[in-house]
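K.L.:
Order-wise, the sequence lines are chains A and B. Here the first sequence stands for residues 1 to 184, where the numbers follow our numbering. Here the second sequence stands for residues 185 to 730, where the numbers follow our numbering.
There's no promise every hint is true.
[As the list claims (entries may be wrong)] The calculated DSSO-like cross-link candidates involving lysine-lysine, where the alpha carbons are at most 30 Å apart (straight line), are:
id	chain 1	residue 1	chain 2	residue 2
1	B	Lys714	A	Lys158
2	A	Lys158	B	Lys712
3	B	Lys712	A	Lys76
4	B	Lys258	A	Lys76
5	B	Lys287	A	Lys173
6	A	Lys127	B	Lys265
7	B	Lys271	A	Lys127
Keep in mind the hints are simulated off the structure, nothing from the lab.
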Amino acid sequence: MDRTTQELFIEQVREHHAGLRGFVRALGVDPLWVDDVAQEAFIVAYNRLDEFDRERDFGAWLRGIARNLVINERRKDARRKRILSDNLTDVLLSSSSASDHEEEEIGDNGLAKLNALRACVADLPEKSLGLLRSRYEDENSAHDIADEFEMKAPAVRKALERVRISLRKCMEKRLEAGSAAGNA
Amino acid sequence: MPEVMDLRLRAEELISEFLSGDSSEAILSELADLALKDASVAARIREELEFSEMLRQVVEDDVADSQALFVESKAAFAQSKDQLVEKACDGRINPAECNQLAKFLLNEPDEVATLKKSLAEDEWIRGAVSESRSEEAFIEALETRMWAETTRDHFVEDFQDRLEREISAEDEVDNIIEMPVSWTPTVLKMAAVAAAVAFCAFLMTQVGVNHLPASASVAMVTKSSPDVRWVGEHVPGSNGEVVVGPYELERGIVALKFANGGEMTVEGPALFEVKDNSTAHVHHGVAMARNEQSSPGITLKSNGLSVSEPVPLIGIDARSEFSTEAIVFEGDGGVCLDGGGCRSLFEFEAVKADRNRDRLVDIPYNPQPFLGGWELLSGVEKNLGSVRIEMPGTTIESTDREGEVQVFVENESFRPESDLEVDQVSTGHFASAELNPGQALQARGDLRSYLLQLWPTTGVDGEEVEASLTFDHEVVGLIYSSDRLTSSDTSVGTAIPHVGEEFNRERGLDLGRDEILLSDDRRTLNLKLKGGELEVDQIRVLVALN
């Protein structure tokens, strides 16, 4: 493997890790195992870099590898599975394509989405940020968060849902703005 | 009557087909007709169906599981799609709820894309909010796995090279970030700029680690095999100094002495990281750690597990990408999985953290992979002849090492409870082992005891075996007389399995035949042993640790 190829790989890790993690999660992989599966996909890709056709989209190739890894998970015994459920993953896989031509495939521009989202999170009101951190950083359940913030659990769920919706809108807005700036 | 018999025979055929899974509409229809005509056929069908159900329950699940699944399924059925989606996003969805969600999605295929989007967004929120799921954490973890799971890479070096180039462009990158309006034309480029900042931060950390001042030396290479080859930019100093950072040992074996007193061996090919003056992380390879009672000890970590309680002598085998093994050679301690879950590990016990590193599995005690490392840690260097340094736990009784001098570390460190009588040996010249009046051991303080043994060679009498051994510490006493060997067994704490009178009489060196030479500096012992067909040659070597 020559140096240029290795350089290419390092560049691709930087560009695709966020999108790949989102893609893996969208196939029903247990959140605790998302990074593990994504890393495995990178390692498989690295070991097979010689086979990669540079005319292809590297992100789509990576997603194809990850997709196969997830398919393999369905064959494992229940204790070793990294997916939430065979049935759910079957349904999610059935609508997933690793095709280079698939538009808007989850995982495309993942890093841009992540960075847009990071900026959006930074702008959140303090309480919303607190809820979000409690949920995603401390991995607390709605019940635990309710105790922490002196709220009712359904109210926490609703609040988190609202935060998620607002973050999604913010992210899309930022991506559109970035795209428009690029096109200008 | 024959008609009834024919009917029942036909019914049996159909039941057989039905129970085998061939339940076509035609079969069921014909069976129904026959059951209407003959009540005994209906009874047979009921009986077989009932029995089949019992069989199904026995084979598939136990009844309790089935009941629990039923309760869960009932609860899942009562939930809305949104509730189930939320649980899926949270990762707290149970199998029954997953099934229910899958049913919703099968009925509403358009919702699949929405759910996938929600899950992906959830993942990105997690990445944006949680430090442990950050870009840096991901890349660092990937880098670690690259070290451990690829064999042909120079991933770390490439990252470091890249860093140097990116740091030189750091100012430029900073400017770009401060002026978002000047973001480069495509979204991809925008992403790359953002990534560069985060990536630089990650790589900066690496450089910070790699460029610590020389004063950060935390260990020394004390011994190494002749074939040692380090690769990469990060290698021990010419004086053996080891600083904090990652090391790649392509081949050979090295022993490191840490500042806190612990010792570690690593056998290549290996990738390991010295974290500080008491911690090492073995990403790939075979490593051993020896801790003295007086020192806090080395904390040894590897892929998926870590040694939670310092053990006098422990080994880690991290050569497989699928599992990591830990084995205790001396003393007791504990190991923990990275994801939680610890257990005690006693002397001569071994465990394996499996591929997912989510549980510890007992495995047979197999010290063979650690033989090379142990040769460096044992405190004895074989210079000449056929010598085998035996692993701890090897029984001092063997018949498959004929013609080979075995070296057993009987007791790593001890203080004799009573006066020890040793044989008289002059230094600097070969002399036959002779009957002698003996003398009291003069040395005080901590001792280590080795037992050297040459097992009788079947069918050969008088074959000479030569061996030369150099010890790390000064030899303060030699015991080769049968009676003194036997009387000192208890003092040194060794366990000779066959202490019968006959064996004891035949232990020790052959007086007048076997020759020994202890060098003037009392470090090197040369032996010329006339192997006998019947007697086992043994000599106990006591060295002073202080």
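K.L.:
Check each numbered hint against the structure and report the violated ones by number, ascending.
P.N.:
1, 2, 3 and 5
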